[in-house]
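Using mature numbering (1 follows the signal peptide of the UniProt record, and there is no 0), the letters of the sequence shown map in sequence onto residues -21 to -1, 1 to 986.
Please keep in mind that the hints were generated in silico from the structure rather than gathered at the bench. Just so it is clear, the structure is predicted and the values come from calculations on it, not from any experiment. Among the hints, erroneous ones may be present.
[Claimed, not checked] With a Cα cut of at most 30 Å, we get these calculated DSS-like pairs of lysine-lysine:
id, residue 1, residue 2
1, K62, K80
2, K394, K726
3, K568, K652
4, K976, K897
5, K913, K385
6, K247, K205
7, K910, K846
8, K846, K877
9, K750, K846
10, K574, K514
11, K651, K608
12, K133, K270
13, K900, K308
14, K363, K329
15, K250, K238
16, K726, K688
17, K750, K688
18, K751, K585
19, K135, K103
20, K45, K11
21, K585, K568
22, K976, K308
23, K309, K363
24, K900, K848
25, K574, K621
26, K710, K751
27, K726, K750
28, K751, K394
29, K199, K976
30, K543, K585
31, K825, K762
32, K432, K363
33, K913, K969
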Amino acid sequence: MTLLKKHVLGICLLLSSFLFAQKSAIYTSEFKEYQKALTLYNNQQYKAAQSLFDDIKYETEDEVLKSDCSYYIANCAVRLNQKNADDLIEDFVEEYPTSTKRNTAFLDVADYYFENSDYAYARKWYQKVDEMSIARAEQDRYNFNYGYSLYATKNKNGAEKYLNRVKENGEYGSQAKYYLGYMAYEGDDYDAANEYFEAVSDNEKYKEKLNYYQADLNFKLGKFEKAIELAQEQLPKSNEEETSELSKIIGESYFNLQKYAEAIPYLKAYKGKNGRWNNTDFYQLGYAYYKQDDFENAISEFNKIIDGNNSVAQNAYYHLGESYINLDKKPEALNAFRNASQMNFDDTIKEDAWLNYAKISYEIGNPYQSVPQVLAGYLEAYPKTAYKEEIETLLIDSYITSKNYKEALNLLEKKNSFENKLAYQKVAFYRGIELYNEDRYSEALEMFENSLKQPRDNAYVARATFWKAETDYNLTNYNEALIGFKQFKQQEGISDTPEIENLDYNLAYTYFKLKDYNQASTYFRTFIDAKKEDKLRVNDAYLRLGDGYFVSSDYSNAISAYDKAISINEIETDYASFQKAMSHGYMGKASTKIKELNTFIIGYPKSGLRDDAMYELANSYVKANEMDKAMSMYDRLNSEYKRSAFISKSLLRQGLIHYNASENERALSKFKKVARDFAGSQESIQAVSTVRLIYIDLGLVDEYARWVKTLDYVEVTDAELDNTTYLAAEKQYLDGDTDEAIRQFNKYLNAFPNGIHALKSHFYLAQLYYKKDLFDNAKPHYKAVVNAAKNEYTEQATVKLSEIYLNNSEWMEAISVLKQLETEADYPQNIIYAQSNLMNAHYQTKDYTEAESYAEKVLSKSNLDTKIKNDAQLIIARSAIETGNEEKAKSAYAQVQKTASGSVAAEALYYNAYFKNKEGKHAASNTVIQKLAKDYSSYKLYSAKGLIVMAKNYYALDDAFQATYILESVISSFPEFEDVVAEARAELNKIKSEEAKTNSSIESGDN
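Generate the whole structure from the sequences, applying the supplied hints.
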């Protein structure tokens, strides 16, 4: 080698040695920093380590070192819980796919999350690990950790796979068996669970927990004594939640061993899931109390079972019914047995519950359906029952006792046995009475006739005969009524019937209506002699007795009868006094008549007969030739009673006095006023005739002709044809040929719409149409009479017209006519009629203030008919409810309830219960509703409304079952009453929402 070559080589070797030395120094420096970073990492100073690793990675060119730094940077990010940690791990794996730390990265991150109990993240990273690349020493740890992570994240199958790999491992075996046992326990594989738990039972770490699970396992395996033993052993070591669960195991185990006394304290100690029991929990404690005959506490638990719809609930409701029965709480038992009878889980319980439901319904009534329907339903469902004969007997009797006659008739019409026909006779009779009390006379008549078609019981034959006659009387069928009353009188055994008390009175009135005054007087006297203590009706009998004598011209006896009526002074004293004065007049005692009429006018300033008295007094003065006194009294009448029916007569009489005194101008003034103001009346026709005579006397026929043309109802040239046409119609009317009379009167009115007899024709035609129930046809003719000047037909036509409006619910029209009747009626009974109907019409138009005002007017009258009093009190009560014056309503309904019947009685009872509920008298309120259910169940609206009040009462009395069951029954049983159902649903939702707070079996009412 040449020197040059050696030199060059030396230089190269020297350079190479320098470069190697330089590189080695750098590497040594990076390694030192790397080791420093590892030390920080291992000392858990992750933030500092991560920063240093980051610096090294940035500066080094060594790919292996870069890879390792990336691994640790990502690992630190995981431990520092940095947001991008997962991304850094993924980036590392993607950037260095061949790194030896790839699998380690997944495993290390997974282990980190596992150790920090973040099993969802641990599971995510364990899933990425390549199991084949795991070192043998780490495989058991991996299998256990991954298995447990799967267990903790509810992947049972995956957990079992990995835990089974280590169940025989010395380090992880016990834990694996414990968790495998627990998964078997949760999956109801109790045998497998028991085997695993037994395998680790000696392990102190699990022993404490295992006692609970093994107690529960033994309970579920039906090993109740063992369950009790294990649970009791665990109780002292348990926290509050565990104590609750263990108490449940012990209590339910004793329950299943039928050791109910021992079960009770443990069942009570159970706190429920999340502080809530379910229906089975309530049932077990309730049944345990029931078996100890502790019915109060049994009820307290059973009645918390709401929304139950399984065999447990059916059993609970049945035993709830029995518990109520043992405490003699039959209304509550009714609902419990009804509920149990409507469930199909246990046929034996269903049948027995239905039997109890049927029997209790018979005893206390049923608000949901008629008692006969319940009993018949039971027999239909169980035709071979051992109780068939007993229930059939109750069924027959229930047709009467239920008082739901309408529905009972529907059921009975399908039955043909003698017993059922006997029941039909009675039910039809009572249904007739019900309809009669509601003034539905035509329907009542049909019922009494139906009762008489089944003459099984003589007492009811007699009673139906009487009430059929009474109904005929109210329908103005007086001949049929008389026959009926006489038939009743001939029946055997009538002395024991309540109807006998009224027979003479009714016969007297019937004869009176038939104008057989001798017979009427005989029966009135018989009644008076027998019923002296009945002052009101004796007073009335004397009045009618006097009327009979008066009409028969026996004025002396008439005066005697009227004097007796006056002395009793219960009713119509003014009428008796007036009639007495008139009787003296007819006896020729003119001065006595004048004296008594003067006394009458002074003594009865508010009498409806006062204008009659003035007119009669004026006439008496005329007869006594005291013309000045007569004219003065006529003037007084005309001034004080401008709307009196006597004004036209009074003016006519004054005109005649002037005419007879040859005071023609004064006479013409009076006659022309009558002709003008009272067109179409008989007085106007007479006035026109007398004016004609005056003008003839004065020789002023042309003036008469001019004047008479101003009167559109006088057609002088057609007067004869007018009279002839009218008389033809009137003859048919008097002969009773209704259809022909209608045709002839219409013919007359078409020919002479303003004729001499138009007013009378309108009235007769209206009456004929009314009798044929052609009310719309009658209406315009009554209106023609009412709208004319007051006449002899005005009052009667006003009454009839108002009846038509009322029956058609034409309230505003009725109010107008009734107000006219109120101010113009001559007969006191028509004033009462007007005011009583005005109160109702105003109520119907929601004018509650006026309705109350008229009701008060009616009640101010003395000796009112009971029904009218009730109606007035009812209007006051209803109006007060509508205006929110509940105190006034309460007082009025209390008065109504004393004498009411039918639907009004049902309404009054409902409000009685309603007000008691508002006062917090819940038990008393329920007692009233039970009476409503027993006696008035046919009035469905008030049954339904009453049940809602009953539900509120029960909830206030801590009986949630009764409250919810009743409300659910209202919703299902009364769909026709939408407002009531809506209220029931709202109340039910409110209760369920409250109860759901403590009972997990209840769906909240808000759902």
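So which hints don't hold here, by number, going up?
2, 3, 12, 17, 18, 28, 32
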